[in-house]
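Visitor: Here the protein sequences line up with chains D and P, keeping their order. Residue 80 in the working numbering is what sits at position 46 of the first sequence, and the numbering runs on without skipping anything. Residue 463 in the working numbering is what sits at position 204 of the second sequence, and the numbering runs on without skipping anything.
Since the hints were made in silico from the structure, they are not lab data. In this text, a Cβ means the ideal position worked out from N, Cα and C, and glycines have one as well. Worth double-checking, as some hints may not be accurate.
In silico BS3-like cross-links for lysine-lysine, where the CA-CA straight-line distance does not exceed 25 Å [to be verified]: (1) Lys656(P) / Lys464(P); (2) Lys68(D) / Lys43(D); (3) Lys94(D) / Lys68(D); (4) Lys36(D) / Lys94(D); (5) Lys74(D) / Lys533(P); (6) Lys94(D) / Lys116(D); (7) Lys74(D) / Lys530(P); (8) Lys36(D) / Lys68(D); (9) Lys116(D) / Lys46(D); (10) Lys68(D) / Lys530(P); (11) Lys533(P) / Lys43(D); (12) Lys43(D) / Lys116(D).
Residues from chain P that face chain D, not an exhaustive set, calculated with beta carbons under 10 Å [stated by the list, open to error]: (13) Ala470; (14) Trp523; (15) Ala525; (16) Ser535; (17) His578; (18) Arg582.
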Amino acid sequence: MKLITAIIKPYKLEDVRDALSSVGVLGLTVTQVKGFGRQKGHNELYRGAEYQVDFVPKIKLEIAVNTDRAEHVVETIVEAAKTNSIGDGKVFVTPIEQVVRIRTGETDHDAL
Amino acid sequence: MTRLFLAVALLGLPCLSFAEDVLDGGNTAWILTATALVLMMTLPGLSLFYGGLVRSKNVLSVLMQCFAIACIASVLWLLFGYSIAFGEVTHGFFGGLDQAFFKAISEDSVSGGIPTSLFALFQMTFAIITPALIIGGFAERMRFSAMFLFSAVWLILVYAPITHWVWGGGWLGEMGLLDFAGGTVVHVTAGVAALVAAIVLGPRKGFPHQAMPPHNLTMTVCGAGMLWVGWFGFNGGSALAANGDAAMAMTVTHISAAAGSIAWMAMEWIKYGKPSVLGIVTGMVAGLGTITPASGFVGPMGALVIGLSAGVICYYATHLIKRKWHIDDSLDVFPVHGVGGILGTLLAAVFASSELGIFSGQGLAEGVTIGDQFVVQAIGVASTFAYTAVVTFILLKVIGVMVPLRVSEEEETQGLDLTLHDERGYDL
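Put together the whole structure using the sequences plus the hints.
Guide: See below:
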């Protein structure tokens, strides 16, 4: 089992969600986050004074999938979230040790 | 010309008794309205304008300061302020205490066609907004107790005497200073006091390297809109009558605000490639502050020039004070109000002239040239500047001995809302 964590541009959320639904992803968690990468934030202007704002608003998606599907899901996210401009985001894949569905007590693959 | 000086004279007259005056219903209705408009400038206009400009951890502290000043200034105006400003004229520096406690005012008292109580109340709203403007200079770091004490004593020692000098029959008014609605009385005093306070208190922690952007520009724009509307009462009401002077004062006020906005917006658009919302509303305040002293004396085209120059000069003044000199006048009170007030007071001498073609105003006094008037205006600005700076400085130093002026570094980091008021503006 893998946990796929994707940081994407906020306005790409709907595209990514639609793409994931089309490849059979049944659930995901969405969080509004802030951060920066090579993009290095952005400038804001107040009364003629420029401020460098380090943190840019982003969306974080978390999706737990079986290992055999992880690669396809990652490709789907990358394809849907790509704009070819700076700040498109990143996808991280990490192993999951255990999953429990709270309602039924099912574990691991049965719980996904 | 007669109308011009009638308006000026009216400002000084209410200190005298007018047994023969007859109440004018139209004038009274307008000044009642104007009084409400000027109070709206502070509560809620300035509150929202300033509240949005500070960081979210200090929003309540600013709203609290505006509200508390409205309360203490009202009471002090009743007790002594009004009398020091508009009481008996003796030496021309401070009014006598014959009007203390509004003791000569009854419901039948009439001055210049309006109830004397209404004149006192209208002037009270000016006495409220002036110290409230100053809080922008020391926002986000001054202890509430020190601010409260400072505002109260400053009103009595600075605002009321200078009002007497200019409007209460004092020496500047006698010299013929043109200040229709408060360029020197309100804007220069508030701007200079804010600058001195910012220097005495020192910059906010992290200034100028740490970004301290406004936390809610939506609030700021709403407050700015209320200030614009309220300014109609400020300048239009200063005619003290429902007449052509009031109408023209409102017209030039409106034009100057619009021109100031466009000028500031253009400066940023040219320099940074984008017109900012804070820029357009700041230009509006600069245009309004600058036209204020001139509003009863200039014509519409003069107002256009005054507004445009306000937008450009106040913009550069903001850079100079904050970015070059690194003085943390937090909400730019001096560059916008102080510089605007000085500029408008000086330009009043020029655009009041009736000899400028389409840029003419209502005319200078008989035999007075633009140069003569300019000298008087410059004396008014210089004396107001110097007196305000010296008294404000001494006052802050004396108060600083009694109570700490600033919050501690830890309190400043945590925010004044929680540390001084045990409340938070937002609990989302």
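Visitor: For the pair we were handed, Lys116(D) and Lys46(D), check the Cα-Cα distance against 25 Å.
Guide: Measuring from Cα to Cα gives roughly 8 Å; hence the hint holds.
Visitor: With a cut-off of 25 Å on the C-alpha distance, tell me whether Lys36(D) and Lys68(D) pass.
Guide: Holds, at about 24 Å.
Visitor: When you check the alpha-carbon spacing of Lys68(D) and Lys43(D), does it fall within 25 Å?
Guide: Between Lys68(D) and Lys43(D) the Cα gap is close to 11 Å, so the pair holds against 25 Å.
Visitor: Check whether the Cα positions of Lys68(D) and Lys530(P) lie no farther apart than 25 Å.
Guide: Roughly 29 Å separates the two Cα atoms, so the pair is violated.
Visitor: Would the pair Lys533(P) and Lys43(D) pass a check requiring their Cα atoms to be no farther apart than 25 Å?
Guide: holds, 23 Å
Visitor: Answer holds if the nearest beta-carbon of chain D is closer than 10 Å to that of Trp523(P); otherwise answer violated.
Guide: holds, 9 Å
Visitor: For the hint on His578(P), does the least C-beta distance to chain D fall short of 10 Å?
Guide: holds, 6 Å
Visitor: Close enough to count: is the Cβ of Arg582(P) nearer than 10 Å to one in chain D?
Guide: For Arg582(P), the interface hint holds, since the closest Cβ of chain D sits about 6 Å away, which is under 10 Å.
Visitor: Identify whether the interface hint at Ala525(P) stands, where standing means a beta carbon of chain D within less than 10 Å of its own.
Guide: violated, 12 Å
Visitor: Would you check the hint for Lys74(D) and Lys530(P), treating anything up to 25 Å between C-alpha atoms as holding?
Guide: Since the Cα atoms of Lys74(D) and Lys530(P) sit roughly 22 Å apart, the hinted pair holds (cutoff 25 Å).
Visitor: Would the hint linking Lys43(D) and Lys116(D) be met if the CA-CA limit is 25 Å?
Guide: Holds: Lys43(D) and Lys116(D) sit about 9 Å apart, inside 25 Å.
Visitor: Please check whether Ala470(P) passes as an interface residue: C-beta within 10 Å of a C-beta belonging to chain D.
Guide: Holds: closest Cβ of chain D sits about 4 Å from Ala470(P), inside 10 Å.
Of the numbered hints given earlier, the model fails hints 10 and 15; all others are met.
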